[in-house]
Amino acid sequence: MTTSVDKVPEGPGPSGTASPHHPIRAVPVRHYGRWVSAVVVVGVLAALGAAFAGGKITWSTTREFLFNADIMAGAGNTLFISVASMVLGLVLGVTAAVMRMSGNPVMSGVAWLYIWIFRGTPVIVQLLIWWNLALVFPTMFGQDTNKVITPLVAALLGLGINEGAYMAEIVRAGIQSVDEGQTEASHALGMSKGQTMRRIVLPQAMRVIVPPTGNEFINMLKTSSLAFVVTYPEVMLKVQDVYTNNLAVMELLFVACFWYLVLTTVFSIGQFYLERRYARGSSRNLPPTPLQKIKANMFSLRTPGGAL
Amino acid sequence: MAGNLSKNPGAPMVKAEDVHKSFGHLQVLKGIDLEVRPREVFCLIGPSGSGKSTFLRCINHLEKINAGRLWVDGELVGYRQKGDKLYEMKDSEIAVQRRDIGMVFQRFNLFPHMTAVENVMEAPVRVKGQGKAEARERAQQLLERVGLGDKAGSYPSQLSGGQQQRVAIARALAMEPKLMLFDEPTSALDPELVGDVLDVMRQLAEEGMTMVVVTHEMGFAREVGDALVFMDGGVVVESGHPRDVLTDPQHERTKAFLSKVL
Ligand SMILES: Nc1ncnc2c1ncn2[C@@H]1O[C@H](COP(=O)(O)OP(=O)(O)OP(=O)(O)O)[C@@H](O)[C@H]1O
Ligand SMILES: [Mg+2]
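Those protein sequences? They're chains A and B, same order as listed. Everything in the first sequence is counted per the numbering used here, starting at 1 for the first residue and increasing by one. Everything in the second sequence is counted per the numbering used here, starting at 1001 for the first residue and increasing by one.
Hints are not guaranteed to be accurate.
Residues of chain A placed beyond 10 Å of chain B at every Cβ, according to the derived structure [stated by the list, open to error]: (1) H21; (2) A38; (3) V40.
Derived DSBU-like pairs: lysine-lysine, alpha-carbon spacing no greater than 35 Å straight-line [to be verified]: (4) B:K1128 / B:K1085; (5) A:K193 / B:K1128; (6) B:K1151 / A:K193.
Quick caveat, the hints were computed from the structure, so don't treat them as lab data. Note that the coordinates shown come from a computational prediction; the quantities given were computed from them, not determined experimentally. Using N, Cα and C, we set each Cβ at its ideal position, and we do this for glycine too.
If we strip away everything but chain B, and leave its shape as in the complex, we get (with noise of 0.2 Å):
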């Protein structure tokens, strides 16, 4: 199950020019520039209230962006682009681009009034309007996968953390996406946790998913990561394949970071 087909093959996965975003005064984006490959796990590292949340955000369009362009399987997000004339889309249309793109959260963010199958299948029933017998199947398939399949009756307060990101993880993939995001999906977990949620994204990056994934966890990064970007600031200060910048970083920002974390 590597989720969709690419629409556009060979073209990146995700790409942004020049992309900025700001609340208010606060500029968080200062122009990032970055491309993800089809299949590849792209990791983001960087210091707290850089704007790693923000750009994830972006992607999938729960932020808008203020300048620049982003596009998703070589489609532009949440515009529509005729001659050099940009249409904002209707939420209807937003909301069909964003099936296609997973995201895990920090905090999980269960649906807490459901049951574990029940988080999985309400999307595909709501959404791709899928018959309710065979979506139950389809997510109790994905419940085993994460190695939950006994926990399928239980509700989210029910299961530990690390049970209940691996339950989300699975509700993401239940809409077969072609891209997963997630934002630093091991933080709120206990440390004793952490191994089983990681499994499970490195099982998925074996099996080809492009991933983008904002993280603390350094030893995932260097193990499963194909690409990195240190963000500082807003913009990106230093990329490349994260063996190259974990081990050697080139610049001072990386380095001072990187030598408080690891």
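The shape of chain A in the complex, shown without the other chains (with noise of 0.2 Å):
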């Protein structure tokens, strides 16, 4: 350690003379492209407005069947269908996760295969597979298979069973991505096999589970309309009974986007505080909720610039 190192010379500049800060008045950077795009978005919203509204619309049907008893009887029936959907295919996912990973061959074969099935050919035409299982199995639990496989089975069928095909393989990804210290260190202090996945690694897997989760669960309120085919009664089977008998198609539709983006946005909030929930000790600062978002920004407006 021999190196002799130059002082740096003191002052605040080269110079050396010491000068007071003036507030800075500069001229901003010009967005102009943000003004240009902005004026095409707007023009091209107007025209698109303009359109619907002068096409051959009745918008007064569409407001009429907006909130129809039957039709949110429907979108109730959605909402049920897809949640049940997704907690049977959240189990069925993580059972097959754990097993595709296990070293018995004969679990991770099992779990393979279930996943190249389910994976592999449209919910569509599992859908209709549970539904005509009777003509396999004319009886079931000594009862007549289509008293068992009702459109509520059928469809919690097709779509959960579906589903924990998909969930198998972000579970998995979610257990691959926690670090093997955290096994081995689990392991070191005793704990089984059971509980340091329960306790350790799944907890910690949340966190990469939980995003593409929630893209399943928009996807499945969606792909639930599928249901239809089964004759489960949600809220497409509801409005299709609607429009072919008073014509309204397209009013009706408008109608059926409606209540999936209201359930859509419904459930989007929650999953916002639900990935904040799975953050924990991941990151010393957790996101603002929206509420606080806007608390923090009512308080800066009062000091523009944030100048002091």
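Fit the two chains together into the complex; they arrive one by one in their own frames, and the hints show the way.
What follows is the structure, given as structure tokens:
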């Protein structure tokens, strides 16, 4: 350690003269692109709006059926079948993911087969197969198969089991994202494999699992419209019932859009809070909730520019 | 709190006989023989890749040995012997053996989704079935003992490296082990944080904990160590009292290594 370090010259600037700090008055960068694009977007939206307003659409019909009791019940059923299928999918997905990663070749083979079949075939085909199961097994549990496989059961099996195959891969990616040192530390403390998975690995994997699962759920809300093929009374089936009678096809499709947007919006808000919960411990500061953001912004508005 | 009492007083705490370990074609341990006596601080030194971590991990069966025998407190690690036949233990039996062996890792491996106190109480609650209130109180005491009584509610990401490592030591101690394994506990730390961790280890040694320590801290080995082994290429090259080995190495390879690190 014999290298000598040159002393840094003292004083605020190279000239060494202390100058008071004037507030900066500079011409801000002009974002011309933003103005141009905003004008284009507004123009296109206005044109689209005019087209729909002037098209052959009776908006009063849309308004009339928006809060129709039958259609709202359909929206409720859509929500119910989506949540139920997602729960079934999660349970199957976690199970299949753990089986797939187990050292037991029978287990991982079965999991692989499950994922291969159910991810590789269209969900509408799977729904129809469950629905027509009576053609293969006329009786089940000592009962007529057609009595066991109600529209609800067929929709749940079709959507849930299909979802499980996707969730399995999401969960597996999540589990693999957790550092191996975590498993080792847990084993070194004498925790069993099951305890390690439940208490240490899965909670950490959730951070990776939750965002794509939110995506899956939003997809599920929309995919559940396919359950009309098994006559499950979700919102699309109800809407179709109405427009085959009054022939107001577009009007009622907009009603369906409205309800799907309501459901996905409500869910997106829930997802934000769920993600926030599983970020615990992974970062020093959690992202602010919208409410916190509004409070913070209101405060900063009073001191414009943040100047002191 | 000297941990659980030995089941076989007088027997060595760790005994290795001709321990071999390979990963595929790579032979990492090529016949390790050594004995760690109860209440002893046993230091392992050697160049990178010589198999120190691997040997440490064999002691609590995080790695399976391929040949030889390894005992902890008179019990074979990972196997049961009946006559001259060996039977592999089930995962649950191995977990029982590991309860009595604490391990501290180079990279801490704290559970990031739990606070410091939750990290420490997790194993006593899940493995020993201790009540939560009791476990929390004990965990708080342990954190105070390592100088972190005021950090109980902090998540690992909010702690410095040295603080994390001390929580990790408290977590291992919460199981009241009869043997502690340390794998380079200070080499991921900034120099000014090393002292705090070594102080905790020194205190443990004074209380009579049996410790196997892989370390590059020759000062610690000399002051606190009771025995020292120099490993290279998967074999024990030289062993003895730390003072003797470090000041007057007999082997060329030991001399070459020490001249580089001292
Ligand atoms: N799981 C594994 N699979 C394959 N090779 C491994 C594995 N673990 C360790 N090795 C190899 O075994 C050799 C010894 O590794 P080990 O970690 O025991 O060395 P070490 O003495 O602890 O070194 P260091 O001082 O760098 O920590 C290295 O060549 C390493 O690449
Ligand atoms: Mg190592």
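Going down the list of hints, with the structure as the test:
1. Every C-beta of chain B lies more than 10 Å from that of H21 (chain A), the closest at about 35 Å, which supports listing it as non-interface.
2. A38 (chain A), annotated as away from the interface, keeps every beta carbon of chain B farther than 10 Å; the closest lies near 41 Å.
3. Listed as outside the interface, V40 (chain A) is consistent with that label: its C-beta sits roughly 45 Å from the nearest C-beta of chain B, beyond the 10 Å cut-off.
4. Using a Cα cut-off of 35 Å, the hinted pair K1128 (chain B) and K1085 (chain B) holds, with the two alpha carbons roughly 31 Å apart.
5. The suggested pairing of K193 (chain A) with K1128 (chain B) holds, with an alpha-carbon distance near 15 Å, which does not exceed 35 Å.
6. Using a Cα cut-off of 35 Å, the hinted pair K1151 (chain B) and K193 (chain A) holds, with the two alpha carbons roughly 29 Å apart.
In terms of the numbered hints stated before, the structure departs from none.
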